[in-house]
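Full structure from sequences and hints, please.
Residue numbers (numbering that gives the first Met the number 0), protein chains in the order written: chain A, 0 to 470; chain B, 0 to 328.
Simulated from the structure, these hints should not be mistaken for laboratory data.
Treat the hints with care, since some could be wrong.
[Stated by the list, open to error] Below are the DMTMM-like pairs computed for lysine to aspartate or glutamate, each with C-alpha atoms no more than 25 Å apart in a straight line:
#1 A:127 to B:43
#2 A:127 to B:187
#3 A:168 to A:316
#4 A:66 to A:442
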Amino acid sequence: MTLSALLGAVDPPQLLPAREQMAFTLGFHIILVPFGVAFTFMMLICQYRGLRRGDQQALLLAQRWSKVAAVLFAVGAVSGTVLTFELGLLWPGLMGKYGSAFGFPFAIEGLFFFLEAIFMAIYIYGWKRLPPWPHFFTGVVVTLSGVGGTASVIAANSWMNQPAGIVVKNGRVVDVIPSKVFFNGAFWWEMVHMLLAAYIVAGFMVAGVYAWDLLKGRRDHYHRLGFLVPFTVAAIAMPLQFLVGDTIARQVFDREPAKFAAIEMVPTTGTHVPEILGGVYIDGEVRYGIPLPGVASILAGFRPSTPIKGLDAIPPDVRPDDAVVSVVHLAFDVMVGTASLLLLLALWFAWLWWRRREVPTNPWFLRSAAVAGLVSLLSLESGWVVTEVGRQPWTVVGLLLTRDAVATQGNLWPLFATVLAIYFCVGAGALFVLRTMRRRWAEEGTDAVAVPYGPRPAPAMNGRTSGADDA
Amino acid sequence: MSTVIAVILFVGVIAYALFGGADYGAGFWDLTAGGETRGHRVRELINLSLSPVWEANHTWLVFCLVTIWTGFPRAFTAITTTLYIPLGLAALGIVARGAGFAFRHALTERQAQRVSGIAFACSSVLTPFFFGTIAGGIASGRVPSAGHGDALSSWLNPTSVLGGVLAVTVCAYLAAVFLTGQAQRRADASLEHACRLRAFAAGVGGGVVALVGVYVLYSDAPRLFHQLRTVGAPLLAVSGLCGLAALILLHRGRPPVVRALAALAIATVVAGWGVAQYPYLLGTHLTIQQAAAPSATLWVLLVVSCVAAALIAPSLVLLYTLQLQRKLG
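This is how it looks when you write it as C-alpha cells:
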C-alpha cells in the first residue's frame, strides 16, 4: 500500500480493462443467478398444485418452466465458470494473497453447485419417466442447494467488505479462522438481501411474461396461474426486502463509513446531513441534487443530530474519486427508487386481490407488471454496483487496494473485446431460444399437449392426478 | 496435510479428465459426424447421452480451480499470470460450448441448430487442447514460482502441444467408448458399430500419440521423462495394459468392462503425471508444502471434500444410473 502510495495516483494500465470486464461478466452472470436460485421454487409450487389437485395445466407450466430453466441454467453455469477463471486471470494479487483466506467459501459453493447441477439435471430431464413425488423432491434439493450456493458466494463477497478471521504477518496470511471468515460481519444481511433479490427478480421476470399474455386477452387458467405464482412470490418478498435493505443501510453506516459517505454523498463530516436525491459529485461538492434536509441523519440514527462521517474523513490516498462517489450514489438512488416502485406494485396487487380475489384485469396494472421484471433487474444490478463500486479503491477493505490486486501480465483489452463479442452472441442466442420456445408453446396451446405424468398408468401416490383428469 | 490436499486436487483433475473429457470428446465426434443427414444419428445420440450430465461433469473443473486457489494460492497465481492466454481461451471455449449445446438442444429450427451446433463442436475440440497445453506447461516446469513466465513459450512448446493433442485424442477415445455403450443400450446395432469403430480409431490414435510423446518428453522435459520412467512407470504400465485390453475387448466385451478399462487407462496416465511431479507443484522450484495455505484452510478443504464425497458421490451415482437406465430425457 505504501509503495503504491509512493508511486502516486497513476493507475496500472490493466486496471480499467480488468474492472470493466469483471463488471460486465458479473453483471451478465447476475441476471441468470435468480433463475438458478429461485425459479425452481416456483416450478415446485406449480408442480405441488398439479400433483395435489390434479391440475394438469399447473404441471404443464412447471414442465415448460423447467425447459426454460435448463437453458438459463446452462448459460449461468458457463458464465459462472468464466468468473472463476477471471478471479485468477484478472485479480492474481487478490487470489495469491488472500486465496487461502476467502477461497474456501467458493469450495463450499462448488459443493452446492455440484448438488444443484446434478439434481437440476434429474429434475429437468426426469419429467417423463420418474415417479411424480420422488421427481418433486429432486426439485426441492435444487432449491435448497440454491440457498446454500448463494450463502457461500455471499460469504466470499461480504468478507471483502468486512474482512475478518485472518492473521497477517509480513503481508502474508499465516493463520485463518474459517468460521470468522465465512460468518463475517456483513454476511447474514447481505446473504438474505441477495436471496430475496433472487426471488424478487425471478418472480417479476417470469410473471411479466404472463402479464403480457393476460394483456393480450389470453386469460385462461394456464396463463393466470403462470402470472399468479411468480408474482405472488415476488410480491411477498418485496416488503421483506425493504426491511432487510433498511437494516443493511444502517449496518453500512456503522461498519463501512466510507461506503456510506459515498452512498449519501457526504463531503464533510457533520450532523443534520441531508438525503440527496439524484445529483453528482464534482470537485468535492454536491451538484444538481434535490436535498431533503436532515433525512440521511434520520435514516442512519433516527435523529437529525446523528453525525455521519464524510468523505473528508477518509485519508486522501484511499479516498474514492468523484466519479466513484457519483456512481455509487446514483446507483443507490436507482436501487431504492426502482425497489419503491416495485413495492407500490406489490401493494397495488394486494389491494386488487383483497377486493376481488382473482387475477387483476386492470390494464395499467398488467402493463406495470409486464415491465416489473426489467425494473427489478435494474434494481439488482444497481445494488451490486453500490456494494462493488462502493468498496473502491479497495478490493479487500483496509487490506488490499484494487490497483494492487489487478493483473500486470499481457494486455487485457483483446480478452475483454472477445468476451464482449462472445457474450453478445450468447445473450442474443439465449433470447432467441426463449422466444422460439414461447412461440412453439403458443402454437401448441395448453390442451392438446402431452402433459407430464399424463399418459402413464397412475402410481399409487399419484391417484388424485389421474382422478381429476379433465382431458 | 498439504500432500493430502494435493491428492484431493489430483482426484479432481482425474475426475475432470474422465467426465469432462468424455464430454469434450462427444463434441469431437459431433464435429466429425459428417453432413446434416449423414451425421444426424450420431448427433442425436450425443444429444441424448450428454444433455443430462454435462453440467455436472464440468463442475469438476470448478472444483479443481477452487481447490488450487484456496489450497495453493501462490501456485494458482503463478499459473494464471503465466498461462493466461490458454486459460482465457479455454474459458471462452467453455462459454461457447455450453451455450451452443444448450441452445441446440432447445431449438428445433435447422439453421439455428446448425449454428449453435458448430459453436458447440468446434469449441469442444479447442478447449481440451488448451487444457492439455496448460498441463504440458506445468508438467514441463515452465511456470516460475513468482509467476509472469513467458506468455507464449510456456504453452507453445513440444510438451504442451503433446499435452494438447493427447487431451483431444483421449477425450475422443473416452467419448467413443461411452457412446458405444449408449448405442448398445438403445439396441441400435449399426450406430453401435459406428461408435466402436471410432473408439478403435481414437484408441489407436491415442497410442500413437503416446509413443511419439515418449520421444517428445525425452528431448523437451528431461525431469518429467525421468520421473515417469522411474516412479511413474508402474502407473504408465497399467495404463498401457488397460488401454490395450480395452481395445481388444471393444469388439466382444461387455460395455461396463470396456468402460472401466478405458477410464482406468486415462486415470492412471493423469495419476502418473501427478506422481512424477511429486513433491513439486511447479517445476523443481515450488514444492507442495511451500505453496500450501495455512493449515486451518487446508483442514476446511479436507472437510469440504469429505462432505462432498459423502453427498456428491451418491448423487452422481444416482444421476449416472438414471441416465444409463434411460430414465432421463
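_Structure-inconsistent hints, enumerated in ascending order_ = none
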